[in-house]
Amino acid sequence: MAASRVSCAAAASYRLFLGGRVSLARRQGVWKAAAAELQTGAVFQILRLRHTTGVTTKKNVAALRRETYTVDFIKKQIEEFNIGKRHLANMMGEDPETFTQEDIDRAIAYLFPSGLFEKQARPIMKHPEQIFPKQRAIQWGEDGRPFHFLFYTGKQSYYSLMHEAYGKLLEAEKHQNQLQAKGLFSEKTKDLIGSRWLIKEELEEMLVEKLSDQDYAQFIRLLERLLTLHGGVEEEFVQRFRRSVTIQSKKQLIEPVQYDEQGMAFSTSEGKRKSAKAEVVVYEHGSGKIKVNGIDYLLYFPVTQDREQLMFPFCFLDRLGEHDVTCTVSGGGRSSQAGAIRLAVARALCSFVTKEEVEWMRQAGLLTPDPRVRERKKPGQEGARRKFTWKKR
Amino acid sequence: MVPAATVPRLLGAGVWPRPLRPRPLQSATPGRARPGGRTLAGAATPAVSGPEDSADISDKILSEPLKHSDFFNVKELFSVRSLFDARVHLGHKAGCRHRFMEPYIFGSRLGQDIIDLEQTAAHLQLALNFTAHVAYRKGIILFVSRNRQFSHLIETTARNCGEYAHTRYFKGGLLTNAPLLLGPMVCLPDLIIFLHTLNNVFEPHVAVRDAAKMHIPTVGIVDTNCNPCLITYPIPGNDDSPPSIHLFCRLFQTTINRAKQKRRQMEALYRLQGPEGLGAGVQGSAASPSLGA
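In order, the protein sequences belong to chains A and B. Note that the working numbering numbers the first sequence so that position 286 is 286, with each residue one more than the last. Note that the working numbering numbers the second sequence so that position 282 is 282, with each residue one more than the last.
Source of the hints: derived by calculation from the structure; they are not laboratory data. Among the hints, a few may not be true.
[Unchecked claim] Computed far set for chain B versus chain A, every beta-carbon distance over 12 Å:
1. 63
2. 66
3. 70
4. 84
5. 93
6. 102
7. 109
8. 112
9. 147
10. 152
11. 174
12. 200
13. 212
14. 215
15. 274
[Said to hold, decoys possible] Taking lysine to aspartate or glutamate pairs in the DMTMM-like style, the calculated list, with each CA pair at most 25 Å apart, reads:
16. A:168 with A:105
17. B:171 with A:201
18. B:260 with A:143
19. A:76 with A:103
20. A:126 with A:213
21. A:274 with A:375
22. B:260 with A:142
23. B:171 with A:209
24. A:174 with B:70
25. B:60 with A:142
26. B:60 with A:164
27. B:171 with A:105
28. B:138 with A:143
29. B:93 with B:116
30. A:155 with A:215
31. A:272 with A:213
32. A:155 with B:267
33. B:60 with B:70
34. B:138 with A:142
35. B:171 with A:213
36. A:76 with A:105
37. B:67 with B:203
38. B:171 with A:215
39. B:171 with A:103
40. B:171 with A:296
No residue lacks a Cβ here, since even glycine has one placed at the ideal position from N, Cα and C.
Construct the entire structure; sequences and hints are all you get.
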């Protein structure tokens, strides 16, 4: 109890210390208690700064700059983290020496199970360097002279990067001129597929500096100009600012082809749409018959639109009368059942079809499950979006 | 020519912790009593309380260059002929002429103004001498320019002589509101060198006015369309041709490096000789003020 009161006093006095005005009404009680405590003279605990984000009004946001964590504070946090890691390992009965970050995550998830949807709100235990934002140390030495020659511009890392890039551009131009003079000019095309320029947030993180959109655009333009020259040596410099992009289509799962007793080749797969689930068996050689839950599709789906949905994958691949389909479907309504069967049929067809055709199907959207579900009704409204009738008077 | 307010600031150069604003000459280093102030000519204060050897040596080091008119021999770095070859005398057309540049203009040929190189040489000598003194006293020198053509060259020059450059967009309160923009205990430059006094829209650079507000002395190359009023040591000359700017960058770089080398030499000399040999050391160095390379 005493500890919580002292900590409240510390938190309140932190705000006092910074001159921030506490605006929330529920903190008034704490404020008064803290004021009383101050007057009684419990001063020795108060100056211990708590690095909590204080409650601020709009006026104080400009005055309260980013929290600065001293080097000693970060070091202490790292020591505490290492000690805590060993304690955790002992608690879980594992070897403290070989306790990795994944083990820590698993242990925390086990000891503090949380049902919160927001992943970042769940309890975490990570190295302080990943939690506390990277900050700049003091930029000048004992004699007052700044370390970096572009310190007085304000954005020293960004401008020094621009300076370096421009220097490389000049060298590349000189090199190119020399080659052209000698007549050894050769066309070289650089392969940049599969990578992208890093985004502004990534560049800000790399430089530990705030950038504006124009700065970022200027930098990317400079790098692209550097790429157009055939300097050759600057590839590593430019590659530092490119990130690879994994192409989604390579992750498509293709089901294996199975063979039944008569030696007929077939393939099974599943599909879902809203709450309808379908399981489908597609035979490689057939005459285009489709049976749904034992009933012919003409009788099961009286509406033409649903039958068209079933036929669409075959129509897209020009294999309308070549395959036989048997499927079971449950749940949902007529339209969602049709959609579920369509997805399942498309997935099953992947095993009988070439890779390019699979890519075409993926681009056509046949292999993507439809994520749309029914939106819930909200209180104060008649439906999900429909509001009650508005009456002027 | 030197405004009176810049003198306390300059003489405070080399003293740590540096005052952000010109404070009265109270030395912040403990154990150093400075009963009088320094005079303009730089004669050492007569009464020093207590036999402080380090205080004596540093006083000697700082006062020695002030007894000579050209301690660093900057005259030999250039000549009127070399300025002419670098096209420093070429100004803008007569229509662009600034009224206050008329004293520095020799004449006008086919509508183009020609700058008087005799005056340029004199101003350049004063400016380089001043720069050398500031560099000798370990002052912070900031090169400012807003001409994109020479931005890379000026930044390289600054890096090569161990000083600072600002050839980018100049944020509003950089000098006048430095504690907010740069950090709480930041030190402002002790000298600002303008290689181009105008910005990209042909208006006077904001730093000229701000430096005058913050009592920071300035050296600047003023072309025929520039305003030389607020600049402490103007150098009338061409700021648009590449050979001219290359020459000026070379001159500033050589001067600053020379001054720093001289400072290192003087410190080594006095440290070796010790307090007894101070008198002999002073005479020895006064005989040969010029450096070898």
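Evaluated hints:
The non-interface label for residue 63 of chain B is consistent with chain A: the shortest C-beta to C-beta separation is roughly 20 Å, beyond 12 Å. Against chain A, the non-interface label of residue 66 of chain B holds: every CB pair exceeds 12 Å, the least being about 21 Å. With a cut of 12 Å on Cβ distances, residue 70 of chain B stays outside the contact zone with chain A, its closest approach being about 27 Å. In this structure residue 84 of chain B is separated from chain A by more than 12 Å, as the shortest Cβ-Cβ distance comes to about 29 Å.
Even its closest Cβ contact with chain A, about 31 Å, leaves residue 93 of chain B beyond 12 Å, as expected for a residue assigned away from the interface. The Cβ of residue 102 of chain B lies farther than 12 Å from every Cβ of chain A, with a closest approach of about 34 Å, so its non-interface assignment holds. Once the 12 Å rule is applied to beta carbons, residue 109 of chain B is consistent with being away from chain A; the minimum gap is 35 Å. The Cβ of residue 112 of chain B lies farther than 12 Å from every Cβ of chain A, with a closest approach of about 30 Å, so its non-interface assignment holds.
With a closest Cβ-Cβ approach of about 14 Å to chain A, residue 147 of chain B is found to remain outside the 12 Å limit, as its non-interface label requires. Here residue 152 of chain B does not stay apart from chain A, with its beta-carbon only about 5 Å from theirs, under the 12 Å limit. Its beta-carbon lying about 7 Å from the closest one in chain A, residue 174 of chain B breaks the requirement of being farther than 12 Å from that chain. No Cβ of chain A comes within 12 Å of the Cβ of residue 200 of chain B; the nearest lies about 15 Å off, and the non-interface call holds.
Against chain A, the non-interface label of residue 212 of chain B holds: every CB pair exceeds 12 Å, the least being about 17 Å. Even its closest Cβ contact with chain A, about 17 Å, leaves residue 215 of chain B beyond 12 Å, as expected for a residue assigned away from the interface. For residue 274 of chain B, the condition that its CB be more than 12 Å from all CB atoms of chain A holds, with the nearest at approximately 24 Å. The suggested pairing of residue 168 of chain A with residue 105 of chain A is violated, with an alpha-carbon distance near 44 Å, which exceeds 25 Å.
Only pairs whose Cα atoms come within 25 Å are accepted, and residue 171 of chain B paired with residue 201 of chain A is accepted, the gap being roughly 22 Å. With a C-alpha separation of about 15 Å, the suggested pairing of residue 260 of chain B with residue 143 of chain A holds against the 25 Å cut-off. Among the hinted pairs, residue 76 of chain A with residue 103 of chain A is consistent with the structure: their alpha-carbon atoms are about 23 Å apart, no more than 25 Å. Annotation: proposed proximity of residue 126 of chain A to residue 213 of chain A is violated, straight-line Cα distance about 32 Å (limit 25 Å).
A C-alpha spacing of about 11 Å is found between residue 274 of chain A and residue 375 of chain A, which places the hinted pair at or below 25 Å, so the restraint holds. Our distance criterion of 25 Å between C-alpha atoms is met by residue 260 of chain B and residue 142 of chain A, whose separation comes to about 18 Å. A threshold of 25 Å between alpha carbons decides the hint, and for residue 171 of chain B with residue 209 of chain A the separation of about 16 Å falls inside it, so the pair holds. A threshold of 25 Å between alpha carbons decides the hint, and for residue 174 of chain A with residue 70 of chain B the separation of about 41 Å lies outside it, so the pair is violated.
With a CA separation close to 23 Å, the supplied pair residue 60 of chain B and residue 142 of chain A stays within the 25 Å bound. With a CA separation close to 42 Å, the supplied pair residue 60 of chain B and residue 164 of chain A exceeds the 25 Å bound. A C-alpha spacing of about 45 Å is found between residue 171 of chain B and residue 105 of chain A, which places the hinted pair above 25 Å, so the restraint is violated. In summary, the hint linking residue 138 of chain B to residue 143 of chain A is supported, as the alpha carbons are separated by about 9 Å, within the 25 Å threshold.
Simply put, residue 93 of chain B and residue 116 of chain B have alpha-carbon atoms about 15 Å apart, close enough for the 25 Å limit, and the pair holds. Only pairs whose Cα atoms come within 25 Å are accepted, and residue 155 of chain A paired with residue 215 of chain A is accepted, the gap being roughly 10 Å. Note on residue 272 of chain A and residue 213 of chain A: the hinted pairing is violated, with a Cα-Cα distance of about 43 Å set against a maximum of 25 Å. With a CA separation close to 35 Å, the supplied pair residue 155 of chain A and residue 267 of chain B exceeds the 25 Å bound.
Between the alpha carbons of residue 60 of chain B and residue 70 of chain B the distance comes to roughly 17 Å, so the proposed pair stays at or under 25 Å and holds. At most 25 Å may separate the alpha-carbon atoms for a hinted pair to count; residue 138 of chain B and residue 142 of chain A meet this at roughly 13 Å. Using a Cα cut-off of 25 Å, the hinted pair residue 171 of chain B and residue 213 of chain A holds, with the two alpha carbons roughly 16 Å apart. This hinted pair checks out: residue 76 of chain A and residue 105 of chain A have alpha carbons roughly 22 Å apart, not beyond 25 Å.
This hinted pair does not check out: residue 67 of chain B and residue 203 of chain B have alpha carbons roughly 39 Å apart, beyond 25 Å. In summary, the hint linking residue 171 of chain B to residue 215 of chain A is supported, as the alpha carbons are separated by about 14 Å, within the 25 Å threshold. Of the supplied pair hints, the one linking residue 171 of chain B and residue 103 of chain A is violated, its CA atoms being roughly 49 Å apart against a limit of 25 Å. For a cut-off of 25 Å, the pair hint linking residue 171 of chain B to residue 296 of chain A is broken: about 76 Å separates their Cα positions.
When held up to the earlier numbered hints, the structure conflicts with 10, 11, 16, 20, 24, 26, 27, 31, 32, 37, 39, 40 and fits the remainder.
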